[in-house]
Every structure is written in C-alpha cells, then in structure tokens.
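Peer 1: These are the residues of each chain, in order.
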Amino acid sequence: MASMHDAPTMALVVRQDLSLTTGKIAAQCAHAAVDVVRAARRTRLLERWRAGGSRKVVLAVEDLERMKELHASVPSGCYASLVTDAGRTEIPAGTITVLGLLGPRRAMDTLVRHLETL
Amino acid sequence: MGFRSFLHRLTAPHPSNKVAHAPVKLVCVVNQSLKMGKGKIAAQVGHASVQAFLEAGVSHPAFVEAWLASGQKKICLKTPDGSAFETLMNQAREQQIPFHLVRDAGHTQIPKGSLTVLALGPYDESALDGLTGHLKLL
Chain A
1 MASMHDAPTM
11 ALVVRQDLSL
21 TTGKIAAQCA
31 HAAVDVVRAA
41 RRTRLLERWR
51 AGGSRKVVLA
61 VEDLERMKEL
71 HASVPSGCYA
81 SLVTDAGRTE
91 IPAGTITVLG
101 LLGPRRAMDT
111 LVRHLETL
Chain B
1001 MGFRSFLHRL
1011 TAPHPSNKVA
1021 HAPVKLVCVV
1031 NQSLKMGKGK
1041 IAAQVGHASV
1051 QAFLEAGVSH
1061 PAFVEAWLAS
1071 GQKKICLKTP
1081 DGSAFETLMN
1091 QAREQQIPFH
1101 LVRDAGHTQI
1111 PKGSLTVLAL
1121 GPYDESALDG
1131 LTGHLKLL
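Those protein sequence lines, which keep their order, are chains A and B. For the first sequence, the positions run 1 to 118 when the working numbering is used. For the second sequence, the positions run 1001 to 1138 when the working numbering is used.
Isolated chain A (complex conformation):
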C-alpha cells in the first residue's frame, strides 16, 4: 500500500468569483471528483489513489481566467476535468464552476502550490 507521503492527490479547484452556496460548492466538487475518477478509470494512478486513502484537497481560484490557465498547465500523467453547470439552480447554464485534478503527489503539489485552501 502506498504511504500517505507519496499517495496520489486529487484537487478540486473552485472559482471564487461566483459566490456559490456551500451546498452548491459541495455538489459541484462531487461532480468534478466523479468526472476525474472516470477520466482516470482503469489506471494504476487511480488504484494507488484509492489505496492511499483517496486524498483530496479543496482549493480556491480567483476567477475563470486563472482556472483556464491552471487547466492549460496540467502536466502529462495528471487527469483534469472541468465542470460545466447545468444551470438548474443559482447560476446560468454553461457556467464553469470547478476544475477537478488527479495526479502524482509531487506533480500536484507543484501545480497547485500557489492556491489557497477553501
């Protein structure tokens, strides 16, 4: 079993310029988590992530532009998934809300080092 120290990490990055409620943030993060798990299905990385305790962090990003920059800089070997809201509650359909990321711990630490936890 992978030790806590090098277990792969999932990061759920939430846009701060939308003023979403706690329930909405939670639902959007859940969506991102499920999508990124599906993106990484049947990979060794996903197995190791689950075996290492499904480590995840929830982080904040200023706005859509910063989120897109982050999305563009995802290194190979990491998985990413942008959540677009269906617009049933709170915000218009098509709004990008959360970026889900999954990767080896070291790569993820480098990628999201500049972000604060939510």
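Hints in this document: simulated from the structure, not taken from any laboratory. Computed from a prediction, not measured in an experiment: that's the story for all the values here. Fair warning: there could be bad hints in the mix.
[To be verified] List time: in silico DSS-like cross-link candidates among lysine-lysine, alpha-carbon distance up to 30 Å:
no., chain 1, residue 1, chain 2, residue 2
1, B, K1136, B, K1078
2, B, K1136, A, K68
3, B, K1040, A, K68
4, B, K1035, B, K1025
5, B, K1040, B, K1025
6, A, K68, B, K1038
Guided by the hints, dock chain B onto chain A, whose structure is given.
Peer 2: This is chain B only, laid out in the frame that chain A set:
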C-alpha cells in the same frame, strides 16, 4: 485502442439492457453537528459521491448508467446530527438502495471516525425523496 481495453472489450460482459427510465439522482446528507468548513464539506461530499458511484456501479449498474447519461443529478441536504444516519441506512437497506457512509480519517478539522456524510444512490428519484423528503437543503 490499447491492448488492455481491447482485451476488456472481448471479455467484458455485455452491458445490461435494463435501463432505469425514471429520473435518477444521488443524495448527500451532511452532518451539521461537526461544524465543518465549506471546503471540508465539499471534500467529504466529493468522497461520498465517488464511493457511492463506484460501489453502485457494481451493485446497481443500470442506475449508474442512467445517472451518468442524465447529467449526474445530485443534491446536498443537511441533518442536525449523525443520529439520522442509522434510520436512513436501515431504510436504504430495506429498499435495496445503494449507500455509502463516510467516516473521516481525522487529518483535518474533526476527530477521526466522525460520521460526516451519507450518500444515497444513484437511485430512483421518487424512492429517495421518500427517504429524505423531510430534510432541508444544505
């Protein structure tokens, strides 16, 4: 196509033709007594959803397929303390509704073993409403 997915296609059982036609959703019930921050809640709900999705994928594949195809409808509700979880889980067991209870590992904010979130589904929306209709939105 990679060799593994090629092999998988040859050997995997055919996907079930039984598709759930009624609306399908996933419900996450958050334990409010733990006073978790919103990032913590989001992480716990994320964990509950991933586990529920993976487990129901084995036990209730038709519902999971329908849930994914219809945009992963999910809703977050709250309960004042964890005592409601036991009743909800008993009802879910009786009706064969898939569920997953998250027990926190205790790395941040709250004591190890705290019951944070109960995920119910993905399953038939009206059956879930019968269980959780009395709970308030988070």
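Peer 1: For each hint given before, does the structure comply? Return the numbers of the non-compliant ones in rising order.
Peer 2: 2
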